[in-house]
Every structure is written in structure tokens, then in C-alpha cells.
Amino acid sequence: MYDAHPAIVKHALHYLTSAPDVRTKPIGDYLARKLPAQLDKLSQADGYDEILSSDKKEIGDGLFSLLVSGEVIERHWESLKYILWFGEDSQVEILRKWLQDPGAIGHLGRLDKYWLKSVSASQRPNRELLIPLMKKIAPHWLQDRTWGSKDCFGALRRFLTLDPLEVESENEMTVSKELERAEKWCQDALSPTSRDSLSAIELENPSLSCFKGLAESYYENDELLSACSSMEKALSLVKAAESPDNEELTSIYLRLASWYIPLQQPERAVTHYEQALEVSPDNQDALSGILTIRIDSGPEGKTHAFIIAMNEPNSKEPGLSRLASTLLSQADDYGYGSPLRTWSLLEPVETDLVTKVFMLEGGPQQSLIDELTEFVKAKCPLGATQLERIKAVQEELQTRIATFSQEAGESDNLEAKEDIQKALNVLESALAPNEGLTNGASGDASMIPLDSKDIAKKLRRHMWHGVGL
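If you count the sequence shown from 1, position 144 lands on 144 in the UniProt record's numbering, and the numbers rise without skipping.
No lab work stands behind these hints: they were computed from the structure.
Quick reminder that beta carbons are idealized off the backbone N, C-alpha and C, glycines included.
Dumping the calculated EDC-like pairs for lysine to aspartate or glutamate here, alpha-carbon to alpha-carbon at most 20 Å: (1) K113 x E58; (2) K97 x D46; (3) K150 x E74; (4) K302 x E274; (5) K135 x E71; (6) K34 x E78; (7) K379 x E395; (8) K10 x D55; (9) K41 x D55; (10) K81 x D151; (11) K150 x D222.
Simulated DEER-style distance windows between Cβ atoms: (12) R23 x S243: 34 to 42 Å; (13) S90 x T271: 48 to 56 Å; (14) E415 x P262: 50 to 58 Å.
Please take these sequences and the hints and turn them into a complete structure.
Here you go:
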């Protein structure tokens, strides 16, 4: 039963104390997350299941290197940044008990044993055990831009919940207090030079990471305006560089755009997405962001123009347009209620407003509906707006009425003319009352679809006054 656990633990520690490679990197997160649980199983083994002294010594070496060596956290941050046991006393205690076992640490040097003894004697032993790791994370949170500030703060926040001297309610511990507590710990743990970076934005030449870190902290605290202000300052620093980092520019543009959307500033978000495209023309996040904003809140004309512009070839994906590659890349992320799935211009002709209106009570016969649906497919270009479709159908219907008027008043012609007039009436009823199109009118009227009751009411009014018959 226990044969697998020593192998898993030894492989995990070997992975974490060695450089990551293409074979081990995909499972690094799992190995790191499950390490305390596997060690706990081993500590319960007895009798025939008890592990060999050589295995215990190997595990002791690996654990000590994991917790003390700064290289481990530097090499494997991607695997360790989401580790929850950084903030779980019961899990950290499993590691600490292993490092109290003489069979695991008996061969260590005098200074190493002295450090482990000081950990056990500490008022907060679990926290003391992880301090070397946290001292490596803290400078990245405060000074570096290669590690995400959110991930660094998350690890520090979990760590500071270990060994609480006083039990605090969840309501009392706000994000602001957690930020202050993390900053205070970093001040005490880091050297004076590193400590100064906490106030670095007040200095004459603050670093890019200071503004970015501050912006992300504001964002985590739901202070979006302050977050945007700090990130705009970071953007200015990057743009002012002699050779601006294009990857950094794109990242900041996308971050700002995503923040301006919940602030109800869609045009400002679009501007930042467009600036990201100037740096990285086929960036899928920027293309998708603009497309979604235009569909969700933009004028139909601008949306149509953007769709047409996106039909250019994608330089990174030969054979696909920028529109096609964008829609494919986002296909799995959009729910059925998203703008991309509900936008009328992306619907098939059979489900557009023209056909829907014709199907209402008082509309034309099915044979005419089928004819006009085929007409729209044949005569209207892909991506034509609803207003353009309605105009095209109106012109076709008016031409047919004029033709019938020139012919003799045969009963078949009268029935056909009456059916066409019904179609014209319901089309007019689908337009805004003050901006609708009358027969033969032209212009850029905006269309406001009405529900079936409104259209039926307007249709009855048309028929009561004998319109067009």
C-alpha cells in the first residue's frame, strides 16, 4: 500500500530541487500541492510498510533544500505560486515534523540543525519554517515585474495567516488591512535597501514595477480609478524609454482596456485595445475586446465597419482572416448570452428581423415570406445591416406593387398586391415611429425592434384606415 508514496515523494522533491524541464513541468503543480499529503501517509507507515533509513535521509535532504534554498522558489515559481498549504498550519506542520525526525536530519551540519532548532523554539514555528521562501517572494512583490504582484501577494497573505496569536474574524480582516500587514512584514523581513522600495513611488525616479504593483493592489481593493491612474503612469514610463518594450506595452494596454470596461468607459477601452493592435497587429485579446464592445454597445455602423476591416488575412495563421481566427480563439469562452452569440448581424437570414416580422399575426402568406428570404440571401451582402435588409426588401415589394398597378385588375393580381401591402405594413411597423421609412423614402433611420403586441396594434391601425389598398 505504501510502496507508491516514497516514490512519489522522492520524485516530487527531486523535481523541486532540480531545474524544470519539458517532461516534469506539466506535473510540477500537482507534485507541489500534494507533497504534504504524501508525507503524511509516509509518517503513518509502520511495520513492514515503514520506509528505509536511506529513503528517510533522502527525503530529509530534499525537504531542507526546498525550504531553505532560494533557488527552488526561483526555479519553480509557476508550480508554487498557487500553493494553498502556504497558509494551512496542519499542512506546514507535517513538513516541520519530518524535519524534527533524527532519521531525516541526523546527517545535517551543525548550522543547519541550529536553524531547525530555532524554528521549533519559535512562538510561530510554522511561519518561521517558511520565512526563507517568503523572503524570496517579497522582493518580487515590491521590486520586480517578472512575477505577477497578485500571485506574490496571494502567497504572502496565506503565509501571514499561519500561527495566529489572536483569532480575527473574517469581517475584520479587509483587503486593505491584509495589504498593510503584508507590507509591514516585508519591512521587517527585508534589508533596509529593499524596505525603501515600499515608498519608491514617492522618490524622484520611481520604477515601473512600483506603479504596476500599486495599480494591481488598487485593483484588488476595487479602487479602479486609482488603479487606472497608476497604470497610466506605468504606461508613460514604458513609452518614454529609448527602446520601448513592445511586450510590456501590449500588456499594459490590455490591462487598462479591461479596467475601463467596468468603469463604463467603452470608447476609452477601445482606444487602448487599438493601441495594443498598433504594437501587436494580430493580438487576439485586443481584437476580441473591440469586437465585443462594438457588438455590445457600439453603433451598428461602426460594428459593421470593424467586421469588414477584420476580414484581412491573419499573418500568424495563414488561411484565416483576423475575424475568423478571433472568433475561433474565443469560441469556447463565450456563453449563450454573450454579445457575439446574440448580435443580429451574425444571425442567419432565416432568424433576422425581416423574417421574424413577417411571421407575426397579420403578416404575408408563407409563400411570399419564403420568396423574400431567398431574395435577402441573394441580394444582400454578408454582414449587411438590418436596416439595409429592410430597405432592400421594401424596394423589391414597391417594384412588385408598381408592376401589378400597370396590369389589369385580375383577382390573382389583387390578392398578390394585398399580400405585398401586408408585408410593407409590418416592415414599417418594425421601425421607430419617429424615424421610420415610408414607402419610397430613403435615409439613415435607426431601427428599434418592437414586440409582437406593438406591431399587431400598429398593423390594425394601418388596416383600419385602409392604408395602401
